[in-house]
Amino acid sequence: SAVISQKPSRDICQRGTSLTIQCQVDSQVTMMFWYRQQPGQSLTLIATANQGSEATYESGFVIDKFPISRPNLTFSTLTVSNMSPEDSSIYLCSVHLGHWDTQYFGPGTRLTVL
Amino acid sequence: AQKVTQAQTEISVVEKEDVTLDCVYETRDTTYYLFWYKQPPSGELVFLIRRNSFDEQNEISGRYSWNFQKSTSSFNFTITASQVVDSAVYFCALTNTGGFKTIFGAGTRLFVKA
Numbered sequence: 001s002a003v004i005s006q007k008p009s010r011d012i013c014q015r016g017t018s019l020t021i022q023c024q025v026d027s028q029v030t031m032m033f034w035y036r037q038q039p040g041q042s043l044t045l046i047a048t049a050n051q052g053s054e055a056t057y058e059s060g061f062v063i064d065k066f067p068i069s070r071p072n073l074t075f076s077t078l079t080v081s082n083m084s085p086e087d088s089s090i091y092l093c094s095v096h097l098g099h100w101d102t103q104y105f106g107p108g109t110r111l112t113v114l
Numbered sequence: 001a002q003k004v005t006q007a008q009t010e011i012s013v014v015e016k017e018d019v020t021l022d023c024v025y026e027t028r029d030t031t032y033y034l035f036w037y038k039q040p041p042s043g044e045l046v047f048l049i050r051r052n053s054f055d056e057q058n059e060i061s062g063r064y065s066w067n068f069q070k071s072t073s074s075f076n077f078t079i080t081a082s083q084v085v086d087s088a089v090y091f092c093a094l095t096n097t098g099g100f101k102t103i104f105g106a107g108t109r110l111f112v113k114a
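Heads up: the protein sequence lines correspond to chains F and W, in order.
All residue numbers for the first sequence refer to the numbering used here, where the first residue is 1 and numbers rise by one.
All residue numbers for the second sequence refer to the numbering used here, where the first residue is 1 and numbers rise by one.
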């Protein structure tokens with residue numbers, strides 16, 4: 001299994017500011033995934049982050065709003081830029097470890113934008 | 001296109017009752033994986049089970065059991081003798097073999113009353 005940690009665990013931010021969320025995995029993985037879960041909703045994939053290349057964004061998500069870094073095989077960051085109250089969500093990072101058939105999730109970052 | 005449907009938004013039962021959570025999926029892939037996750041109020045996603053498309057054997061783990069039927073594209077989850085600690089949101093999810101992307105259903109919120 002994989003142990004995934006995220007920082008911060010929660011934050012309250014002001015409109016117009018940016019927040020960077022960190023995700024650390026205890027083993028090397030090729031792909032890391034960032035999900036958003038809006039209040040009372042399901043999980044939606046934001047982007048896939050590969051080490052050494054630009055992240056691949058899903059429809060409705062753009063790099064200017066959600067820039068991602070992937071400097072090595074165990075770490076990634078997601079920045080939520082120019083935040084608005086609609087960005088209030090739980091943001092989760094995830095990895096497939098070993099075979100692609102098992103996915104592990106971090107504990108999530110609970111973001112509230114005022 | 002892939003899709004996961006959890007038609008039950010909320011279910012409320014009394015402790016010790018059995019409850020079944022429904023999941024219907026759509027995919028054009030012949031090889032895929034299905035998952036169930038539990039999300040307690042803390043927000044963390046807890047992996048419950050994985051099933052690949054070639055294995056239609058039903059599985060039982062303690063009070064949990066899963067019924068996978070390819071003929072009806074369903075992967076239902078039953079909790080026997082429910083307990084208050086089972087109260088959570090349960091997500092059914094589908095992963096394809098190509099892009100490693102996981103699609104989540106909308107989730108079913110289960111309330112178990114004492």
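Simulated from the structure, these hints should not be mistaken for lab results.
One should not assume that every hint holds.
Unchecked claim - DSSO-like, lysine-lysine: derived pairs with alpha carbons at most 30 Å apart:
| id | chain 1 | residue 1 | chain 2 | residue 2 |
| --- | --- | --- | --- | --- |
| 1 | W | K70 | W | K101 |
| 2 | W | K101 | F | K7 |
| 3 | W | K101 | W | K3 |
| 4 | F | K65 | F | K7 |
| 5 | W | K38 | W | K101 |
| 6 | W | K101 | W | K16 |
| 7 | F | K65 | W | K3 |
| 8 | W | K70 | W | K3 |
| 9 | W | K3 | W | K38 |
| 10 | F | K65 | W | K101 |
| 11 | F | K7 | W | K113 |
Unchecked claim - To give an idea of the interface, some chain F residues facing chain W are shown, with a C-beta separation under 10 Å as derived from the structure:
| id | residue |
| --- | --- |
| 12 | T17 |
| 13 | Y35 |
| 14 | G60 |
| 15 | S94 |
| 16 | Q103 |
Just so you know, even glycine gets a beta-carbon here, dropped at the ideal spot from N, CA and C.
Hints versus structure:
Restraint check for W/K70 and W/K101: the C-alpha separation of about 20 Å stays at or below 30 Å, so the hint holds. Between W/K101 and F/K7, the direct Cα distance comes to roughly 24 Å. Compliance with the 30 Å bound is thereby established for this hinted pair. With a C-alpha separation of about 12 Å, the suggested pair W/K101 and W/K3 falls inside the 30 Å cut-off, and the hint holds. A C-alpha spacing of about 19 Å is found between F/K65 and F/K7, which places the hinted pair at or below 30 Å, so the restraint holds.
As the CA atoms of W/K38 and W/K101 are separated by approximately 19 Å, the hinted pair is consistent with the 30 Å bound. Simply put, W/K101 and W/K16 have alpha-carbon atoms about 36 Å apart, too far for the 30 Å limit, and the pair is violated. Distance check on the hinted pair: F/K65 and W/K3 sit about 26 Å apart at the alpha-carbon level, within 30 Å; holds. With a C-alpha separation of about 15 Å, the suggested pairing of W/K70 with W/K3 holds against the 30 Å cut-off.
Pair hint W/K3 plus W/K38 holds up; C-alpha atoms about 19 Å apart against a cutoff of 30 Å. For the given pair, F/K65 sits about 21 Å from W/K101 by alpha-carbon distance, which is consistent with the 30 Å threshold. Of the pairs offered as hints, the one joining F/K7 and W/K113 is violated, with about 34 Å between alpha carbons and a cut-off of 30 Å exceeded. The interface hint given for F/T17 is broken, as the beta carbon of that residue sits about 23 Å from the closest beta carbon of chain W, more than 10 Å.
The interface hint given for F/Y35 holds, since its Cβ lies 8 Å from the closest Cβ of chain W, which is under the 10 Å cut-off. Checking F/G60 against chain W by beta carbon gives a least distance of about 14 Å; that is not within 10 Å, so the hint is violated. Among the interface hints, the one on F/S94 holds; its C-beta lies about 8 Å from the nearest C-beta in chain W, closer than the 10 Å criterion. A least Cβ separation of about 6 Å between F/Q103 and chain W falls short of the 10 Å threshold, and the interface hint therefore holds.
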